[in-house]
Structure formats: C-alpha cells, structure tokens
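Undergrad: If you read the protein sequences in the order shown, they are chains X and C. Residue numbers 1 to 207, in the working numbering, belong to the letters of the first sequence in order. Residue numbers 1 to 331, in the working numbering, belong to the letters of the second sequence in order.
Keep in mind that the hints were calculated from the coordinates and are not lab data. Here the structure is a predicted model, which means the values were calculated and not measured. Check each hint, because a few of them may be wrong.
Output of the computed footprint for chain C on chain X, the stretches with three or more beta carbons under 8 Å from beta carbons of chain C [stated by the list, open to error]:
hint : stretch
1    : 17-31
2    : 34-41
3    : 72-86
4    : 121-134
5    : 152-158
6    : 168-178
Under the rule of at most 30 Å between Cα atoms (straight-line distance), these lysine-lysine pairs were calculated in the DSSO-like manner [unchecked claim]:
hint : chain 1 : residue 1 : chain 2 : residue 2
7    : X       : 7         : C       : 59
8    : X       : 184       : X       : 157
9    : X       : 96        : C       : 113
10   : X       : 7         : X       : 108
11   : X       : 184       : X       : 155
12   : C       : 174       : X       : 7
13   : X       : 108       : X       : 97
14   : C       : 59        : C       : 120
15   : X       : 106       : X       : 96
Chain C residues, not near chain X, derived (Cβ > 10 Å throughout) [as the list claims (entries may be wrong)]:
hint : residue
16   : 91
17   : 167
18   : 170
19   : 293
By construction, the Cβ of each residue, glycine as well, lies at the ideal position given by its N, Cα and C atoms.
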Amino acid sequence: MGLVPLKLSALSLQERFYDYFYLWDNNVSIANFHVHQSNLFLREFNRQEEEYSDLNASHLSLTYLDDTDHENLFLWLASQGMSLQGLNLSFPNLVKKAIDLSGVGKRKIEEEWANFASEFFHCRGRPVPDWPAYVYIQESLGILGNTPSHRTARKIKKTMQGKLRSFLEKICILFPNWAWAARKKCYLDGALLTVGYSLPSGSVSCI
Amino acid sequence: MKLFLITTLLFLHHFNWATATFLATNKSDPFVQKSNIWNQIYNATGGREQFLSELSNIKKHASSLRSGNPACRVMEFTPGGNGVVGRLCFEDDVCWATKISIQSESYYSHGMKQAVRSLKAIESHCPHLPVPRVFGDHIDQENATLCYYFMDWIEGTTLTHNFSQIWTDLYDDKGVSGDIEVNITIPENVTVQLASFAYNLSTCPIPKDECIPLITFSTTNGVLGSELIHDPLHGIFGTLKASKDGHLAREWARRSLAFHRYFLNPNILDKFLPLKTFTWLDEMALLISCSSRIGEWDDLPFVLHYWDLRPFNIILNDRQEIRWVSPLLFL
C-alpha cells in the first residue's frame, strides 16, 4: 500500500484486474480485456458515495469512470517501471504521444538530465558514471562528444583515473585521517567501481 | 512394435517418477526451496543452523506476545514477492501468519514497516475494512538479519478461485491474429464488496501522526523519501510534502519514474533495450511527459492506493465474503 495522487488510486475494476505481466506475456491488451461487473462496481461505489456524502468525498466515483484511453493505468504502470514494449502493447497512442521528442523538446530533456545528474550525482560529490545508458543520453544530447577520438580520450581518462585511485587507496591506508584523500577516492570509486547506484562503501554520497 | 512403444513409455514414465523421487529425497537441505525470495532469506541467515536459530527466535517472540506464552510451531511456508509467509500455530490451535523478509534490504524492510503501519492505521480508524490484525513486529532491530511481523491467519481461497475467465483467440483477415480476448465474470456479491472496500479505503480518516511516510524510491543501501503530511482541508487525506518549487504530484512522479524505470541502475534496463524498439532518450521523454501529466494533479490529495486489490491478494471465505486484502509488497 502506498500513497498516490487520487487519480492514480482510482483505477476501474477492469484496470485493477488487468494483471499486466501475465497478460502482456499472453498478448492480451487492455482493449481486449473485459470485466463484466465494471458497471456494478461503479454503481455500488457511487451509491456509497451518496450515502456518506458528509465525508466530503463526493465525486470520487467520477474518477473511477472507465476511460477508453486508460490514461491513469498507463501513468501508474509507467511510474511502476513497466517496460516501454509492455506499455506499447496496451497503450500505443499514449506511448507515441509520450515519447514524441518534437512534443517534449530536446531542451526539456537536457533540463531533466541536468537536474537528474545534479540531484543524484553532482550534489553528492560523485561523478556521473560511464554506464552505457548514461553515455548514450549524454552523447545524444551533445554533452559528451560521440566521435572515435572523443571516446578514446574518455578511455584514456578512465585509465588515468584508475591509476590515481590505486594511489589514493594507498594514501588512505597510510593516512586514514586525510579527509580530502578519502573524498577524492570516493569520487573515483563513483566513476569506476559502481555497478548499481550505491558506492562500494555502501553509501550513496561522498559528502 | 506396440509392445516396444508401451514398454518405452512405461520406462520413461517410471524414469521420470523415479528421478523426481530421488531428487525429492536427496535434497541436500530441505529448507532450500525453488523460490528466489526464499533462497535470499535463507542465505541471508548464513545457512541451515542460523536459519533454524532465527526461526526459533521468531517462535519465542510470537509465544511471548500471547498470554500464557503458549508454544508454537511453523506449519508451512509460502513464498511471496518480497518475503515468505509462515503459518505459525500455537498449542491452542490459534494460528498466525508470519511475514518474513530481509532486514538489510531496505526495499523489503521499509515496505514491511509501511505495511504494518498502514494495517494498524486501518485497524484503528476503519475497523470495518477487512484487513488482518497485526499482533507484533520485529523491524529495524539492531543487528537483525530478518524482519517480520505477525498477523491473523485467514482460512479461505483467493479471488482467483472465485471468478470465471474465458480466453478467446481473435481472428483477422488472415486467420488467427495472435491476439487474445479475455472476459472475466466476478460474482456480484464480491463486486459489491470490492467497491465498498475501494470507497472505504479512499475515505479512511487516518490522522496526521499515523499517516504513512511515502517512499519515493529506495536504493540498496539507503532510502530517500519524502514526508507525508496531513491535509487539514480534506481531513481524510494525506498529502506529500511539497518539493522545493512547490510541486507535489510532479515531484512524486519524477522520483517514482526515475527509480522504477531504472535510471539509478541503468545496467538493468540495458538488458532490455537491445531490442532497439526504444532508446534511453525515449525513456527520458517518457519520464518528462508522465511526470508533467501527473504534475497537473498537484491540487489533488494523496490517498492510500491499494494496488493489491487484485485477485491473488484477496482472500474470501467459503461464503464468498472478503476476509483479507494483502498490503502491497507482501504476497
């Protein structure tokens, strides 16, 4: 159980019974999935709403009305990590609209990336790792160069960082109180050693 | 020839049965089951002896929570999505469900804490809702390997066994299209109860200090979250604390999308993207457009979302009365 904006909670009976992982595997889109008691569910919900109208919750049932686009379900599944391929089976129009770069605009993607990199990496004293996805995004946005020479330069930089990190590791052992060395090593750990978001130390921040 | 075929089939049948029997009786450890979550929990304890010791502590804890401290034993375990459920029965035949997961995995332990808190809040403020009572828990304890909580054991069958479904192949001009249509029919009395549950949960008057902190996303070693605050205007809802620029829903959506769509661990998603249908820029565009759309709901209240109002998480008794709806993250 979690907390969501009201509209994401108000999924119709059809949407609640749509077990997307299982049904997607079996080529059943939401358009071909029917729950015959959907109207009864809504009628009963509406009846309770009218009966207890003093709870200041009137019109909740309107949010439960079946929406042919199933936008609320689409937004909920997207926010819960359903793959784009999976979303595309049931919501091709909404996916098309959502990923239309001409609609979103490259500038907005640049802004979002800058916010993301700042919030999760730079503000925590860490570099953005060179994971393939991050490199792809940055190259596509022109933040990183995408020519062979750019890529070679990044490889050389990574090799140098590796050597510096080994050196700092020794420094940190010899001088455990040198905070600047620990911080720099942590930074390089973030650049070179993270497989997931957590740093090798278990922390998520070098600050 | 016929005799040969029959002999061969009998041999194969017997061979399969014999192989299965051999494997079943020669497992190196009967506690090792074919479930990822079970193995994760079992391995987290460090092996059979440690697991048994943890189990013994759980039983002692359960016993201490009942007057007279009756002894108890675990009858069976059922693996779920993020933990296992043990059926724990006392000498006097009272049984509890014990949900167990791994303390060090913050996604599991925070989820469990959230589940306990929400169940307790619902029990206190919306006692007519069919959720199980919580009798005790062991979450966030120092040096603990496992986290767990005790709740009512409910006998019944899941809603999955209480509705009918018909699957039909769909045809196009060339014959079978590959698409399938599914028609579900739920008993009317169950539908009415589901509507009632959804309404009553959405309007459950949980006070501010019992609201559930919203976990916006978690990482393996730390949880980053926003604080849920009470919205006095609506009285019956809680709202998310505003982000720096004042947006609630958009902030929730942005963080939820970033975490659940693997922006913090893109190595996972990289495994899927080689399909080349979509790219990481598409993922970025999706994140922006979805959080922008959800952001338009900034003036809406935040409510409890019982996503697990799904067939396999709803237990009915033999009179088709809903007796249990499981909280998110566990079963």
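Undergrad: Going back to the hint list, which numbers does this structure go against?
TA: 5, 6, 7, 9, 12, 17, 18, 19
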